[in-house]
Each structure stands twice: as C-alpha cells, then as structure tokens.
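Enquirer: The primary structure of each chain is shown beneath.
2 protein chains.
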Amino acid sequence: MQIMKDKILQYLSKYTVITKELEKAIAESTFIQCFTKGDILLKEGSTSNECYFIIKGCIRSYYLKDGDEKTIEFYTEDEAVIPLNYDTIIPSGHYLECVEETIVSVGNPELESETFQKFPELGMLSRIIGQKIMAQQQESFADYKMSTPEERYLNLVKRRPDLIQRVPQHQIASYLSVKPESLSRIKRRLMNK
Amino acid sequence: MQIMKDKILQYLSKYTVITKELEKAIAESTFIQCFTKGDILLKEGSTSNECYFIIKGCIRSYYLKDGDEKTIEFYTEDEAVIPLNYDTIIPSGHYLECVEETIVSVGNPELESETFQKFPELGMLSRIIGQKIMAQQQESFADYKMSTPEERYLNLVKRRPDLIQRVPQHQIASYLSVKPESLSRIKRRLMNK
DNA sequence: TCAACGCATTGACTTTAGTTAAGAAATAAA
DNA sequence: TTTATTTCTTAACTAAAGTCAATGCGTTGA
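Just so you know, the protein sequences line up as chains A and B, in that order.
Each step along the first sequence adds one to the number in this note's numbering, with nothing skipped, and position 124 is 124.
Remember, this note's numbering sits 1000 above the position in the second sequence when you count from 1.
Don't read these hints as lab results, they were simulated from the structure.
Treat the hints loosely; a few may be bogus.
[As the list claims (entries may be wrong)] Calculated lysine-lysine pairs in the DSSO-like style (CA-CA distance at most 30 Å, straight line):
#1 A:K70 - B:K1007
#2 A:K179 - A:K43
#3 B:K1145 - B:K1043
#4 B:K1056 - B:K1007
#5 B:K1145 - A:K37
#6 A:K187 - B:K1024
#7 B:K1043 - B:K1065
#8 B:K1179 - B:K1145
#9 B:K1145 - B:K1070
#10 B:K1070 - A:K132
#11 A:K24 - A:K118
#12 A:K158 - B:K1158
#13 B:K1024 - A:K70
#14 B:K1056 - B:K1037
#15 B:K1056 - A:K187
#16 B:K1070 - A:K14
#17 A:K118 - B:K1007
#18 B:K1056 - B:K1043
#19 B:K1158 - B:K1118
#20 B:K1024 - B:K1007
#21 B:K1024 - A:K145
#22 B:K1037 - A:K145
#23 A:K65 - B:K1024
#24 A:K37 - A:K158
#25 A:K118 - B:K1037
#26 B:K1132 - B:K1007
#27 A:K145 - B:K1158
Using the sequences provided together with the hints, build the complete structure.
Expert: Structure representation (structure tokens):
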C-alpha cells in the first residue's frame, strides 16, 4: 500500500519539494479505494465531494445527449481526476465511470483544507497545477478543433496507444465524436494506405 | 477614467470583499490602454507579460494553421484575457488581435506580485477565478464536442448574439470550425425552416 | 451446448461539409 | 465618386460522416 502513496508524492514532487511533514499530512488526508469495471464514481445531477488520483486503471468521463454517451475524457495511471464541480454545490453535468478495475487515492475538501492551512505552499502548488491542466486543456481543445476525425484518431493512436487496447471501440468513437460505424471506416481507410 | 477602474472592481467584488486599500492597490497596479481595430496584442512565438481586462471592445485569440486563422475565442466587455503563457517564459502559441476599437486595463506580473504580497487574499481569489475559467472552458469544450456545426451556430446566436453583429462572418466561421461557405449554407438552411 | 446479447464490421443511401470557381455586396482607398 | 479590395453568397462537384439495416463474431449465461 505504501507504493501507492509514493506515486502521489512522485507526482507532486514534480512541482515542489516534499518535506517529511507534508508527506505525512498528505498520507493522512487521502485514502485508497478500489472499484470494478462499470462502477460509477459520479452521477449526472449529483454533487461531488471527492477527487481522485489514479494509481491503476482507467476512468472515463461522459455526458448523456439524446440517449447516448458522449465521452469527454479518459484518465489513466498517474493522472488526477478533479470533477468540475469539486468542492462546490453545483450538480455535476457529467458521469465518471471506471472502464476497468481501478485503484484510486481519494481526496476530499474537508481533509484538504486542514492540510492547506498547515502548508500554505500547497496553495501555490494547486494554482500551478491548475494552470498547467488549463493550458493542456486549451491545447487539446485547439488540436481537436483543427483536426478531422481521421486526424484525431491518428493523433490518439500516436499519443495514447494504450487507450486503443483497453477501451471499447464505441467509446473511442464517442471520444472522437464520430459514430462507431464511421470509426470502423476510418480504420479501414487507413489500412489501405 | 474612474468609471473604467470601477468595472474591474465590480468584477472582482463578485468574488471577494474589496477594501479601500485593495481598491487603491489595484488602481496603482494597472493602467488603461487603447487599441484600434486590427492591432495585435500578442504574436505567436513571443512571450507575454501582460494580461487584460476589457473595458470596451472585442479581442480575438487565434492560431495559424496551413496559412489560415483558426479562431479560439472572442473576449468582450467585462471579461479578463489572460494569455496561456502569462508570467512564464513559454512562447505563445496563439495571437491576440483587436476585432474593433478596444479599451483595456493592463496588468503585469511585476506590479501584481507586489499587490499579492500585500493582499494574500488575492491569491485565493486568483485560484477561484482560475477554477471558474477552467470550468467554463471544459464546459464549452463539451458543448462543442456534442454539437454539429449547425447546433454550434444556433448556440452562439442564442448565447452571444452581439458577436454575430460585431464580428466578420468568416471569423465566426473559423470559430465554429467550418468554412465561410458552409456557414453561409447553414444560415440559408435555417432561414428555410 | 446452445441461445442471447453486445460489439464491430459492412453495404446502400442520405446528408452535410470541403473544394473550386464565379459573381454580388459591402467596405475601404484613391 | 470611382476604383479596389475584402467579404459574403451561390453553384457544381467531391469526399466524408450519419443513418438504417444486415451480418458476423465473441462473451455470457441459462
């Protein structure tokens, strides 16, 4: 179990120096939880008071529109999943679902705010990480807008080849905003080249 | 000129209580600047050390791809424009251009950091505003992914009718990620309904 | 073992956006 | 005002995604 905590510390150490006290505080303000394939971590319409750091596995966020699922993002190992409405009273617009067996470290605002009180440097840290996530998001939005479905697929294969293996095709399709039939055709088209 | 500063304070007062001292500090750490239509505030490849609050006018951010412009966002009155690479040494990936005559309040990190020193509550404030911007961004991404170009156009007409009036059609088209010809057809299609 | 279900693929057809080119309308410049 | 230039619209054609329907292929479960 200690290995799991280490991954979080490793993640944070990319941004700041982790003291022994801070390490202890983080260990105390999070806990490990396991989910199985298909488990829903967050429902549309409900509030969320948890955020997750993925130790192992894959989490998918999606909306429902006209009865079918529109995948927003896939999160995998060593990524933080922070619901948009985290630490607010706003009901969630999206779902969080485990694509496979998933082990996460769970954080919540009550425990966090204590830690934040004791370690003001974490405030700066969360701002920096937030900025970085925001920049990545904006970039991937720009990438998305500038690409055709075919280019988006090629891009995904290149940047996250693991997803192609571990995620059902129709979820990949909804992530690329095409119908499963179209994704099949895109793949066939690329084979004949 | 005092009226302009007031708009910033009004914006900030949505998030925190503005004391007299804070008001004074903000007034001292920003200045007003005017631009005319077509002026470039930030070039691709250059670093940015300014952020803007729009008093009046409209600013467009865009990338260049294959020679033509891809509009990322339009910013108008009472909105903050914070370049992605603000306060970093990272060269900008996008341009900022004035769509029309625009009056902004300019902030920069040197002046700001002094203010931040004196008023630690501004740190929290910037985190909250950052989170809000992030949430909006993620939501508009989701909206975008879930919609057809036609739906995106209708959505824009509904949510930001002013843009349709003040921004050239081909820039609107690039914002919706369609060619100008397609936007023309979409409009015609909608007329005949 | 075999039936049922979900998932991926394929085909025929429809719809819509991209492309190219031409012309109309609006704006800016001489 | 008149000329240029940019912007918008229209048309004909091509390419690609959506839709509907059928088939095949694994996995699950009775």
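Enquirer: Run through the hints listed earlier and report the numbers of any the structure violates, in increasing order.
Expert: Hints 1, 6, 12, 13, 15, 16, 17, 19, 21, 23, 25 not satisfied by this model.
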